[in-house]
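Protein chains in written order, with numbering that gives the first Met the number 0: chain A, 0 to 333; chain B, 0 to 333.
Calculated from the structure, these hints are not laboratory results. Note that the Cβ used here is the ideal one computed from N, Cα and C, for glycine as well. Treat the hints with care, since some could be wrong.
[What the hints assert, rightly or not] One-sided excerpt, in silico: chain A residues whose CB lies under 7 Å from chain B:
1) 123
2) 127
3) 268
[Stated by the list, open to error] List of simulated lysine-lysine pairs, DSBU-like, C-alpha gap at most 30 Å:
4) 320/A x 159/B
5) 279/B x 295/B
6) 224/B x 101/B
7) 182/A x 146/B
8) 101/B x 129/A
9) 146/A x 101/B
10) 320/A x 290/B
11) 279/B x 290/B
12) 320/A x 320/B
13) 236/A x 251/A
14) 320/B x 159/A
15) 146/B x 279/B
16) 251/B x 236/A
17) 279/B x 159/A
18) 159/B x 279/A
19) 320/B x 182/A
20) 251/B x 290/B
21) 146/B x 279/A
22) 129/A x 279/B
Protein chains: 2
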Amino acid sequence: MIKFNSLLTAVALASSVSVAVAWDVLPTEAPAPMDNPTTPAKVELGRMLYHDPRLSSTGTVSCSSCHNTMLGGEDNRPNSMGVNGQTGGRSAPTVWNAAFNKVQFWDGRAESLEAQAAGPVTNPIEMGMKNWDEVVVRLNSIEGYQKAFADAFGGNAISKDTATKAIAAYERTLITPNSPYDKYASGDQSAMTDQQVRGMNKVAELGCTGCHSGPAFNGPGMFQKFPVHGNGMYQAKYHFTKDLGLAEVTKKSGDEHLFKVPTLRNIALTAPYFHNGAVKTLDEAVKVMAKLQLDKDLSKDEITDIVAFLNALTGEFPEQKMPRLPATPGTTFN
Amino acid sequence: MIKFNSLLTAVALASSVSVAVAWDVLPTEAPAPMDNPTTPAKVELGRMLYHDPRLSSTGTVSCSSCHNTMLGGEDNRPNSMGVNGQTGGRSAPTVWNAAFNKVQFWDGRAESLEAQAAGPVTNPIEMGMKNWDEVVVRLNSIEGYQKAFADAFGGNAISKDTATKAIAAYERTLITPNSPYDKYASGDQSAMTDQQVRGMNKVAELGCTGCHSGPAFNGPGMFQKFPVHGNGMYQAKYHFTKDLGLAEVTKKSGDEHLFKVPTLRNIALTAPYFHNGAVKTLDEAVKVMAKLQLDKDLSKDEITDIVAFLNALTGEFPEQKMPRLPATPGTTFN
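Here chain A stands alone, though its shape is the one from the complex (with noise of 0.2 Å):
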């Protein structure tokens, strides 16, 4: 686990701290499946698709509507709203750097950026499209979209796998390199004030780095209980243990209460927090995990230290121009 090829793992060892972790920097590139390789068409064929509300029932909800790209790649929201206002039980994920995930959801139930793009669209209570045949269909009666398919695929070329393709291939693109943090890992001392660096010394002093691991802080394929210790004074007010995680995929026991790392990248614009979405601010998220997850109960200043160094891993957010949608021909929401 230990690296020695940045500055910044040789000042956490020589720290007070005796612990030793590797501080990475996030790669400005995502690795593409083999049957997926990203190009330039189909990223902007997937930038469309994204944005697009015509791949819900009503034409009113897209990707975007919950992953906003124009905020921290989420809606700010304890739970999302999908078509007639219907909202779930759990808090969308960011989708900037969800490349760098092994796996998707918060159950992790999907293993590809590909399998998550499909799960959306036909759950009635987000886009609501009775299957993908339907989708295909209206794609298939937007002409701009027959030929944006044909440009990223070749031939007649509209499905279920192509479109989920595409916007697996737009969402590798969301990467949001060079933070604070990243620049101190990469031997930049004055990128991080005095506070962060105490911040994120105690984070790998307390172990949160043992699960937030890698250059995402997502513990990459890492699925955890949550929570660990008791949940008694948390409980009543936050109701963690509703959702049973993985288990409500799978129906095992074994499963109960697991979830995936979620990234800790751009942590600062992803209010509110968890699962569910029950904690409104990162003090108050720090505090919970802390004693959740670590049995521990953090000072005031250990919080305020904690949080400063989570606000050194926002990244730099890549222009994005929005894309041309394509016209529908007559209309098919009532």
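With chain A's structure known, arrange chain B on it following the hints.
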């Protein structure tokens, strides 16, 4: 009304149809009111506010949700969907080239883009904020907006007045020049097909341009009764007269069924049609308009020619960059 400063006027005068119509090219800049000159900082702030769903009670509906800048400036729905899945009775007018309307809304009740922008935010079935005080409190809670307002207006500037001015300044940049029609009207006779030219002359001959006049084909400032002629055959199907138009606001019987003349620019992109969005296709819309406003039964060929011309009114959409929306501290949405 006759202008001799374009090739096209001469063409129209020389045609077999003895109708003189000024065929004006769309300006590339919109006039701004004396008290709200357009500045880059205002436009950038307006771009943010326009696309920010946090201007709605639920955090899910922005101006762009219904007047979608990525589409033809509206939502392709018969009526729009506001907070909590609520719908109203009218179809969202396009925001593209709205700067060239002298009045706004279907009933023309707002005299400026600034006045229009204030309305939907506090409409209970649209964006659902209690009042503008609540909007100002929310914007003030977002540090990035404090800065953006100060950049645009100086000082401690967040108010209903400045927010609506910024949105209007941004909207004045949403212009789609260089349609095939504009190129033709500028002297490029190859820019429209023969069929489109036939359709254009038919539009003049029928008298459509009596109301749909001016460079935006929106008879700027003009109100017209709709429908004028017997509505029998269409009333059962489209329920046009249910909506009293301007009289819904003024409560005067003389204002019943008066509507602002809407633009024909980009009309091929903005199905469905009419104030209540009852008509799904442009062909049917042309047929219905000729019958109800001019008491004329168009042939199939005439309709096809006119629709071809209307397609020549689709302009070039300037590339739009996505705004970065500043972060919410915690959250206020439930």
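Review point. Can residue 123/A be said to touch chain B, with a Cβ gap under 7 Å?
Key: Since chain B brings no Cβ nearer than about 13 Å to residue 123/A, farther than 7 Å, the hint is violated.
**Study point:** Hint consistency between residue 320/B and residue 159/A [alpha-carbon to alpha-carbon, up to 30 Å]
**Key:** Holds: residue 320/B and residue 159/A sit about 28 Å apart, inside 30 Å.
Check your understanding: Against chain B, is residue 268/A within 7 Å by beta-carbon distance?
Key -> Given a least distance of 4 Å, the restraint on residue 268/A holds.
Practice item. Given the hint that residue 236/A pairs with residue 251/A, test it: the Cα-Cα distance must not exceed 30 Å. Key: Judged against 30 Å, a Cα distance of about 27 Å means the pair holds.
Practice item. Below or equal to 30 Å on CA atoms is what counts here, so check residue 251/B against residue 236/A. Key: 54 Å, violated
Review point. Holds or violated: are the alpha carbons of residue 320/B and residue 182/A at most 30 Å from each other?
Key: Status holds; Cα separation ~27 Å.
Review point. Residue 279/B and residue 295/B: Cα distance at most 30 Å?
Key: 20 Å, holds
Exercise for review: May I ask you to test the interface hint for residue 127/A with respect to chain B, counting a Cβ-Cβ separation under 7 Å as satisfied?
Suggested key: Constraint on residue 127/A not satisfied, violated at 11 Å.
Review point. Are the Cα atoms of residue 159/B and residue 279/A separated by 30 Å or less?
Key: 27 Å, holds
Check your understanding: Going straight from one Cα to the other, do residue 320/A and residue 320/B come out at no more than 30 Å?
Key -> 4 Å, holds
Review point. Keeping to a limit of 30 Å between CA atoms, is the pair of residue 279/B and residue 159/A held or broken?
Key: 27 Å, holds
Review point. Given the hinted pair residue 224/B and residue 101/B, is their alpha-carbon gap at most 30 Å?
Key: 17 Å, holds
The structure fails to meet hints 1, 2, 8, 9, 10, 15 and 16 from the earlier list, while all remaining hints are met.
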